[in-house]
Amino acid sequence: WVYPVVDDSIQIDINESDCRIDTYRSSGAGGQHVNTTDSAVRITHIPTGIAVSCQQERSQHKNKAKAWDMLRARLYEVELKKREEAANAEAASKTDIGWGHQIRSYVLQPYQLVKDLRTGVESTAPDDVLNGEINDFMEAALAHRISGKADAVADID
Numbered sequence: 002w003v004y005p006v007v008d009d010s011i012q013i014d015i016n017e018s019d020c021r022i023d024t025y026r027s028s029g030a031g032g033q034h035v036n037t038t039d040s041a042v043r044i045t046h047i048p049t050g051i052a053v054s055c056q057q058e059r060s061q062h063k064n065k066a067k068a069w070d071m072l073r074a075r076l077y078e079v080e081l082k083k084r085e086e087a088a089n090a091e092a093a094s095k096t097d098i099g100w101g102h103q104i105r106s107y108v109l110q111p112y113q114l115v116k117d118l119r120t121g122v123e124s125t126a127p128d129d130v131l132n133g134e135i136n137d138f139m140e141a142a143l144a145h146r147i148s149g150k151a152d153a154v155a156d157i158d
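Taking this note's numbering, the leading residue of the sequence shown gets 2, the next gets one more, and so forth.
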C-alpha cells in the first residue's frame with residue numbers, strides 16, 4: 002500500500018482511547034524469531050472502523066509507529082473526502098451561467114434601477130453600485146444564504 006504524506010493543513014488528532022491496539026505474531030520468513038515474538042501490530046480506530054496492520058519490521062515499536070502513521074494517513078483521506086464532498090455539494094447548488102440566469106440586473110435607460118434577482122433588493126442609484134457601494138446587496142445575499150432558502154431567480158419587471 003502507498004499512503005499519502007499527511008498535509009499539515011488538516012489536523013488529524015487521534016485519541017488513543019478511541020483505538021484498539023492488537024499485537025500478534027507476524028507471518029512469513031524469519032525463523033524462530035517470528036514464532037517467539039508478537040511483533041505485528043493492528044490498530045483499529047473504533048469510531049470509524051478503520052483498521053491498519055503492520056508487520057514490516059522486526060520490532061513491535063517500529064511496527065506500531067508505522068501503523069500509527071498509516072492510520073493517520075487513512076483518517077486524512079477520510080477527512081479529505083468529506084471536504085471534497087462538501088465542496089462538490091456547494092458547487093452543485095450554484096446555478097448555471099447563461100442567458101436568463103443572471104443574479105443582478107442593471108437598467109440604465111429609460112429609468113435607473115439595479116435589482117438583485119435572488120433577494121429582491123433594489124437600488125435606484127446604479128452609479129453608486131457600479132462604483133462599489135454594494136453593502137446592501139452583500140448583506141441581503143448573506144442573509145439569504147444563511148436562511149437556506151433556494152428561491153428561483155426572478156426576472157425584472
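If you are wondering where the hints come from, they were derived from the structure by calculation, not from laboratory data. Beta carbons: idealized from backbone N, C-alpha and C, even for Gly. Take these hints with a grain of salt, some might be off.
Computed list of lysine-lysine pairs in BS3-like fashion (alpha-carbon distance at most 27 Å, straight line) [claimed, not checked]:
id, residue 1, residue 2
1, 95, 83
2, 67, 82
3, 65, 82
4, 95, 82
5, 83, 63
Label pairs and their computed distance ranges (CB to CB) [unchecked claim]:
id, residue 1, residue 2, range
6, 147, 66, 18 to 26 Å
7, 136, 62, 55 to 63 Å
8, 12, 126, 54 to 62 Å
Status of each hint after checking the structure:
1. 95 with 83: holds, 19 Å
2. 67 with 82: Within the cut-off at roughly 23 Å; holds.
3. 65 with 82: holds, 26 Å
4. 95 with 82: The given pair, whose Cα atoms are some 20 Å apart, holds under the 27 Å limit.
5. 83 with 63: This hinted pair is violated, its Cα atoms lying about 30 Å apart.
6. 147 with 66: 18 to 26 Å: violated, 45 Å
7. 136 with 62: 55 to 63 Å: holds, 60 Å
8. 12 with 126: 54 to 62 Å: violated, 47 Å
This entry does not satisfy hints 5, 6 and 8, going by the numbered hints stated previously.
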